[in-house]
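Trainee: Letter by letter, the chains look like this.
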Amino acid sequence: MLLQLDDVSKSFGGVAALTGVTFQVNQGEVFGVIGPNGAGKTTLFNLITGVFPVSTGNIVFDGMNVVGIKPHRTVEMGIARTFQNIRLFGNMTALETVLTGMHCRTGSGVLSSFFRTKRQRVEEERCRGIAYEFLKLVGLEEDAEEVATSLPYGKQRRLEIARALATHPQLILLDEPAAGMNDSETEVLRQLIGKIRDLGITVVVIEHDMALMMNICDRLAVLNFGKKIAEGTPQEIQNHPDVIEAYLGKEE
Amino acid sequence: MSEILNPYYLQIVMFFIINAIMGISIFFTLSTGQLTLGAAGFMSVGAYVGALLTLKAELPIPIAIFIGGIVAALVAVVIGLPTTRLKGLYLAIATLGFGEVVRVIFLNLEVTNGALGLSGIPAIAQELTNYVYEFDMDGLLDIDALTWGNLLTIIILLVILALVILFCLRIHNSRVGRAFQAIKADDHAAELMGINVVYYKMLAFVIGAFIAGIGGGLYAHITNFINPTDFSYHKVVQILLFPVFGGSNVVWGSVLGSFILTLLPEVLRFLADYRDIIYGALLVILMAVRPDGILTEDLMDKIYRKLGVKKKAYIPETQVLTERFEAYKAQSKSGQE
Numbered sequence: 191m192l193l194q195l196d197d198v199s200k201s202f203g204g205v206a207a208l209t210g211v212t213f214q215v216n217q218g219e220v221f222g223v224i225g226p227n228g229a230g231k232t233t234l235f236n237l238i239t240g241v242f243p244v245s246t247g248n249i250v251f252d253g254m255n256v257v258g259i260k261p262h263r264t265v266e267m268g269i270a271r272t273f274q275n276i277r278l279f280g281n282m283t284a285l286e287t288v289l290t291g292m293h294c295r296t297g298s299g300v301l302s303s304f305f306r307t308k309r310q311r312v313e314e315e316r317c318r319g320i321a322y323e324f325l326k327l328v329g330l331e332e333d334a335e336e337v338a339t340s341l342p343y344g345k346q347r348r349l350e351i352a353r354a355l356a357t358h359p360q361l362i363l364l365d366e367p368a369a370g371m372n373d374s375e376t377e378v379l380r381q382l383i384g385k386i387r388d389l390g391i392t393v394v395v396i397e398h399d400m401a402l403m404m405n406i407c408d409r410l411a412v413l414n415f416g417k418k419i420a421e422g423t424p425q426e427i428q429n430h431p432d433v434i435e436a437y438l439g440k441e442e
Numbered sequence: 002m003s004e005i006l007n008p009y010y011l012q013i014v015m016f017f018i019i020n021a022i023m024g025i026s027i028f029f030t031l032s033t034g035q036l037t038l039g040a041a042g043f044m045s046v047g048a049y050v051g052a053l054l055t056l057k058a059e060l061p062i063p064i065a066i067f068i069g070g071i072v073a074a075l076v077a078v079v080i081g082l083p084t085t086r087l088k089g090l091y092l093a094i095a096t097l098g099f100g101e102v103v104r105v106i107f108l109n110l111e112v113t114n115g116a117l118g119l120s121g122i123p124a125i126a127q128e129l130t131n132y133v134y135e136f137d138m139d140g141l142l143d144i145d146a147l148t149w150g151n152l153l154t155i156i157i158l159l160v161i162l163a164l165v166i167l168f169c170l171r172i173h174n175s176r177v178g179r180a181f182q183a184i185k186a187d188d189h190a191a192e193l194m195g196i197n198v199v200y201y202k203m204l205a206f207v208i209g210a211f212i213a214g215i216g217g218g219l220y221a222h223i224t225n226f227i228n229p230t231d232f233s234y235h236k237v238v239q240i241l242l243f244p245v246f247g248g249s250n251v252v253w254g255s256v257l258g259s260f261i262l263t264l265l266p267e268v269l270r271f272l273a274d275y276r277d278i279i280y281g282a283l284l285v286i287l288m289a290v291r292p293d294g295i296l297t298e299d300l301m302d303k304i305y306r307k308l309g310v311k312k313k314a315y316i317p318e319t320q321v322l323t324e325r326f327e328a329y330k331a332q333s334k335s336g337q338e
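Taken in order, these protein sequences are the chains called G and V. For the first sequence, the working numbering assigns the number 191 to the initial residue and increments by one for each residue that follows. For the second sequence, the working numbering assigns the number 2 to the initial residue and increments by one for each residue that follows.
Partial list, derived from the structure: chain G residues whose beta carbon lies under 8 Å from chain V:
no.: 1; residue: 279
no.: 2; residue: 281
no.: 3; residue: 293
no.: 4; residue: 319
no.: 5; residue: 353
no.: 6; residue: 388
In short, the hints are calculated from the structure, not lab data. The model shown is predicted, which means the values in this text are computed figures rather than measured ones. For glycine and all other residues, C-beta sits at the position ideal for the given N, C-alpha and C.
Throw the hints in and build the complete structure from the sequences for me.
Mentor: So, in structure tokens, the structure goes:
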């Protein structure tokens, strides 16, 4: 078990965004989180990555407690994420964007950069090689020198995934990676998620594309109004009466 | 020769270089997206500390200037702890307040001689002129000793400026520079990509203050005389204009901005009272036409390409991911058996 959420609640002022959410993600699986808009899915990601502190409950990642840890430290621990609204860095090329992701796995500082020490040059060169490998993985090797924000939408999404992978995570959180994508782009994404899993990286994915989710996920959790209403394999979820009710309403 | 090398022209060149250094100090902090208006404050710390060390402690000028820079950086650490957590205009106002506080402190301290300021600060040019006599360079190439002193001062200033520019360029193309760029573009996303935003903001703030402190020390040892009004609010705006005018996204912008804005008032001197009108109008026009300043990243890219200096970075063949695929495959296979 890689990630465990134990009775996690979060409220903003008087509004309860999440109440008593408990689930576990196993090493090497693709775990889906679905639910109607406003169900608290992105809040869940923000809690896991330390953006907000939990109100009550516990989040344990790889045996370490994540609660109260700063976001950049959670990345060092091995949690990477992408964003629902693409957040690439303006003015950077695709290659530089991925290099930025490798920040926490490298160590050269101000002085070694100024003096261009041998160690710094070796590190930079090796990083460029690895960053290029990540670009190849997501199919952007042709766009390495393009400005990130000038890329077409689908490529920007994949570049975000490459940047997140470059932090060398054990766990990657994908927040609606297929949003706004057409069918062929979604298919490329599906294959990419398979490749990420083949790297031994555990995936937690939020997505509204049900066909995609039922295809790629080993297990899913369903949130509604901040509560977990179901958890299980795609088969179990599809037949769960509470899930059907949440999405389609109750039969009269 | 002596006409071109008259002391008035040479002094303008010296001021241009110091202004460029000051502009870069703001540019450097700005490259993390932090707008600070404390440059004049840090400059005055560097100037007063440096001047007092040469005047009262009789330290050699280079050491005094260096210590001035260090003290400015230390002050920045103290000021930065609370203020680098502020954003945008709040940071600008807080650092502006800091500059005023420093000015008022220097105005009221006994050791800084209050409003009268410090005079008789050893001048770099004077020191160098003494060396000129010592090495018997007086009259060499038909240039008298005093002019030699000024010329050597300019050469030393140019070397310092070149080092500061080289520093910025090398940092820009490094791990630290990418962290700066990421923070400037989107600090929330940067933090979630594993960058310690508070640390890097502080780092840029302190290095900016160090550069400003060095600039202040140089200023004090070139003008021989400083008083608190040299570092007033007016000075802040003047320094801020260098990167804004020349282009605030590239280090060359500060250099170009300070070059134009140092020269312009001198060139327009014949207009007497109308000078400031022209100066102000030029600023308004530039901001309307090129809001990012004269030099932008795109323009610099084109210039670099024309000059043929920008080579595509070499990308080596690495096999990290392939190895990882294989390793995981082997691992999961052995787990199944």
